[in-house]
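A.B. asks: Using the sequences and the hints given, assemble the complete structure.
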Amino acid sequence: MQASSMTRLLALSLLLGAGNCALAQAPYPVKPVRFIVGFPPGGTNDITARILVPKLSEYLGQQVVVENRGGANTAIASEMFVRMAPDGYTIMMNAPGHATNPALLKLNFDSINDFAFVTLLAESQNLLVVHPSLPVHSVKALIALSKQRPGEINYGSSGIGATPHLSGELFKYMTGVNWVHIPYKGGGPGVIALVAGEVSLYFGNVPTVIRQARDGKLRALATTGPKRTPAAPDIPTVAESGVPGYEVTTFYGMSAPARTPRAIIDRLHGDTVRALNSPEVRDRLQGLGADPVGNTPEQYTAFMKNEIAKWDKVIKAAGIKGE
Amino acid sequence: MDLLSNLALGFGVAFSLQNLAYCFAGVALGTLIGVLPGVGPLVTIAMLFPITFHLPAVPAIIMLAGIFYGAQYGGSTTSILVNLPGETASAVTCIDGYQMARRGRAGPALATAALASFFAGCVGTLLIALAGPTLGEWALKFGAAEYTSLMLMALVASAVMTQGDAVKGLAMVVLGLLVGVVGVDVNSGMARYSFGIPELVDGIGFTVVAVGLFAVAEIVANLESREPREVYTGPVTGLMPTARDIRDAAWPTVRGTAVGACFGVLPGTGPALSSFATYMLEKKLARDPSRFGRGAIEGVAAPEAANNAAAQTAFIPMLTLGIPASATMAVMLAALTLQGIATGPQVMLEKPDLFWGLIASMWIGNCLLVVLNLPLVGIWVKLLTVPYRWLFPSIILFCCIGNYSVSNNPFDVYLCAVIGVLGYVLVKLECEPAPLLLGYVLGPLLEENLRRALLIARGDPTVFFTRPLSLVFMIATVLILVVMIAPAARGMRRGT
Chain A
3 MQASSMTRLL ALSLLLGAGN CALAQAPYPV KPVRFIVGFP PGGTNDITAR
53 ILVPKLSEYL GQQVVVENRG GANTAIASEM FVRMAPDGYT IMMNAPGHAT
103 NPALLKLNFD SINDFAFVTL LAESQNLLVV HPSLPVHSVK ALIALSKQRP
153 GEINYGSSGI GATPHLSGEL FKYMTGVNWV HIPYKGGGPG VIALVAGEVS
203 LYFGNVPTVI RQARDGKLRA LATTGPKRTP AAPDIPTVAE SGVPGYEVTT
253 FYGMSAPART PRAIIDRLHG DTVRALNSPE VRDRLQGLGA DPVGNTPEQY
303 TAFMKNEIAK WDKVIKAAGI KGE
Chain B
184 MDLLSNLALG FGVAFSLQNL AYCFAGVALG TLIGVLPGVG PLVTIAMLFP
234 ITFHLPAVPA IIMLAGIFYG AQYGGSTTSI LVNLPGETAS AVTCIDGYQM
284 ARRGRAGPAL ATAALASFFA GCVGTLLIAL AGPTLGEWAL KFGAAEYTSL
334 MLMALVASAV MTQGDAVKGL AMVVLGLLVG VVGVDVNSGM ARYSFGIPEL
384 VDGIGFTVVA VGLFAVAEIV ANLESREPRE VYTGPVTGLM PTARDIRDAA
434 WPTVRGTAVG ACFGVLPGTG PALSSFATYM LEKKLARDPS RFGRGAIEGV
484 AAPEAANNAA AQTAFIPMLT LGIPASATMA VMLAALTLQG IATGPQVMLE
534 KPDLFWGLIA SMWIGNCLLV VLNLPLVGIW VKLLTVPYRW LFPSIILFCC
584 IGNYSVSNNP FDVYLCAVIG VLGYVLVKLE CEPAPLLLGY VLGPLLEENL
634 RRALLIARGD PTVFFTRPLS LVFMIATVLI LVVMIAPAAR GMRRGT
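As you go down the protein sequences, you meet chains A and B in turn. Its first residue numbered 3, the first sequence is counted upward by one per residue in my numbering. Its first residue numbered 184, the second sequence is counted upward by one per residue in my numbering.
Rather than coming from a laboratory, the hints here were simulated on the basis of the structure. Beta carbons: idealized from backbone N, C-alpha and C, even for Gly. Warning: the hint list may mix true and false statements.
Unchecked claim - Covered stretches of chain B, as calculated for chain A (at least 3 residues, CB under 8 Å):
| no. | region |
| --- | --- |
| 1 | 225 to 237 |
| 2 | 362 to 374 |
| 3 | 380 to 388 |
| 4 | 502 to 508 |
| 5 | 590 to 604 |
C.D. replies: Put into structure tokens, the structure is as follows:
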């Protein structure tokens with residue numbers, strides 16, 4: 003009796019197992035997924051990945067492991083990444099560097115066609131802040147003052163090609179003002195120089211400068227995003243303050259190598275969007291000043307094409323060179 | 184008194200069982216990763232970042248801070264034992280610490296490092312408590328011109344680093360400057376000396392250079408001799424420092440603490456510079472500078488005190504200004520932000536339990552570190568009785584893992600091997616690696632700040648003399664130069 007019931011159970015489970023296999027065409031994922039971050043541990047890119055990973059692992063049913071491969075603003079990681087098997091077990095975090103590198107460096111890969119873009123994870127804005135000694139309270143007044151004193155005002159950044167720098171160059175490109183760019187090695191030293199008054203203005207990631215602006219150590223003029231940020235709804239955007247069409251965001255996206263099967267992309271996309279919509283991930287991203295997005299692969303691809311074209315124009319006009 | 188009641192509150196917070204446990208976990212982990220080259224506090228803190236989501240704010244920051252300053256303790260261990268710098272800031276400890284170990288004095292060297300670190304850690308923490316906001320404001324007075332003059336002063340003083348031939352020493356500093364400029368130029372964004380190799384675009388990492396020059400080159404040189412030669416020649420004489428050691432190390436520890444505390448507050452200097460600066464100071468002050476480089480205990484005590492004091496005061500810009508001065512501090516700030524805590528001048532008033540709890544935990548953490556590290560001294564010293572033919576493959580393996588772990592890229596391992604060969608050639612030419620490493624650290628800082636200062640002054644070089652602090656450094660630079668050249672000039676006159 004007992005033996006026969008065991009056999010039946012075994013047969014049933016075999017049958018179920020076979021049925022499972024037949025039903026799910028791609029039993030993805032069956033092993034851990036590598037999530038390549040193109041920066042050393044500790045940057046905002048890395049932190050964003052680490053905020054997403056616990057929930058994403060839970061939904062995928064497999065561990066997602068963050069793997070850091072820093073260098074050349076994600077170009078080194080990308081070069082390795084595009085040669086990976088397109089099986090969904092290696093995915094990558096895209097950063098603004100992905101959109102600016104084509105104009106700055108000689109790359110051994112195609113920044114659009116070698117990637118299968120999954121979804122835009124999150125976007126964060128920069129906040130245009132000035133040292134209180136600069137006698138302006140609006141973007142319009144800043145433009146007027148800059149036109150009166152061409153080449154006299156210094157703006158700081160966290161480094162050549164980083165979004166604080168690009169925000170400044172796009173502003174110069176669209177308004178015709180003449181500022182001198184003073185690059186620093188990282189956002190911390192850059193913000194310290196602004197608070198000390200060594201430079202007069204800075205486009206800093208919202209959470210890194212909002213507190214100083216609220217304390218009166220800095221004066222906030224405008225945000226760089228397409229619409230006002232929920233973190234500071236009282237501050238207008240640059241676009242609505244007299245520079246229509248101005249838009250800079252720091253973005254975090256997910257991509258797979260090109261030719262990854264659509265079914266796998268869809269699975270990744272579905273679980274990633276679900277993770278982004280979970281309150282834990284959403285609150286943590288927003289806490290660090292990033293707004294979760296989670297758009298479709300098509301929307302994200304179009305976004306990336308647009309970004310690359312935009313920065314190509316600005317970088318050429320500003321004469322920034324990488325090599 | 185206000186401070187006392189605040190400290191009482193802080194110790195009340197820090198002595199809770201939970202906070203003590205997280206403090207211990209932090210400093211123990213810090214010691215461990217300090218011993219491993221390459222794996223630094225930044226990597227560890229970033230990886231543990233998700234864990235802090237599930238912790239309250241106070242134990243989270245206590246643990247992360249413990250990792251950061253705990254790493255400074257562990258970093259000296261491999262420097263002393265096998266000439267392998269475990270952390271950026273402990274590279275200088277290799278110079279005299281390893282020589283002490285070879286003479287059978289690894290025990291006193293390790294114990295001195297731990298005790299000097301303990302003293303500096305406690306004083307550094309006291310400085311945060313007493314003068315945090317004042318020091319934070321002081322750091323803001325340092326602009327590009329001040330940094331330039333400070334670096335120039337350090338560069339001129341670097342002549343002190345050389346043991347024998349001054350020309351060789353100078354050549355090493357210059358070679359270091361050249362190695363330092365590899366990679367993207369901060370001011371123009373251009374990649375220099377990268378030869379189209381993408382891995383070189385971000386420059387050559389500190390771990391690669393320090394491990395190659397010190398650890399790898401040393402092993403190659405040791406293996407060269409055909410007949411079996413024991414590297415650790417001296418008989419092991421006691422594990423703890425003698426009364427004389429303590430007398431010799433006392434003032435260097437105090438001076439190292441002062442120098443380190445100043446450098447720690449300045450965000451633009453980097454972790455290695457404070458230990459170099461204090462080493463040069465001690466060598467200049469020493470009655471017999473020739474002892475340095477041959478196992479002088481001052482050469483261990485001063486840099487170890489400096490890097491630990493700097494690790495403590497590095498919290499000041501984050502806690503008092505709300506601005507992270509380094510990537511490591513940025514991750515800690517992110518962890519605090521996600522806990523709903525905004526740092527800045529108000530943090531002392533709004534979250535006294537967090538601020539004073541952290542301060543108190545730093546003292547407790549430093550005590551734990553001494554208690555943790557002193558008994559380990561005996562075990563570490565036993566390690567040296569392992570025959571060298573078994574020891575050196577393990578060291579090489581350590582070097583490879585450390586270099587690989589920095590960016591998960593085998594390129595760094597190959598590059599370290601190349602630099603190891605360079606280091607061996609330098610040993611053969613009787614050139615020392617320390618001035619090269621100092622040039623490598625100073626060069627990029629000096630260039631970056633010089634060009635920034637001139638950019639801001641629109642090319643006017645008088646900026647270095649019109650800003651008072653910068654002028655002070657410039658005058659000091661001239662004085663150092665005079666002091667160094669005067670004996671040589673006197674000698675020449677006598678010669679004619």
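A.B. asks: Against this structure, judge whether each hint is valid.
C.D. replies: Hints, one by one, checked against the model:
1. 225 to 237: That given contact holds, which follows from 8 residues of the region 225 to 237 of chain B lying within Cβ reach (below 8 Å) of chain A.
2. 362 to 374: holds (count 7)
3. 380 to 388: holds (count 4)
4. 502 to 508: Contact hint for the region 502 to 508 of chain B vs chain A: holds, 5 residues under 8 Å.
5. 590 to 604: Contact hint for the region 590 to 604 of chain B vs chain A: holds, 3 residues under 8 Å.
In summary, this structure violates none of the numbered hints.
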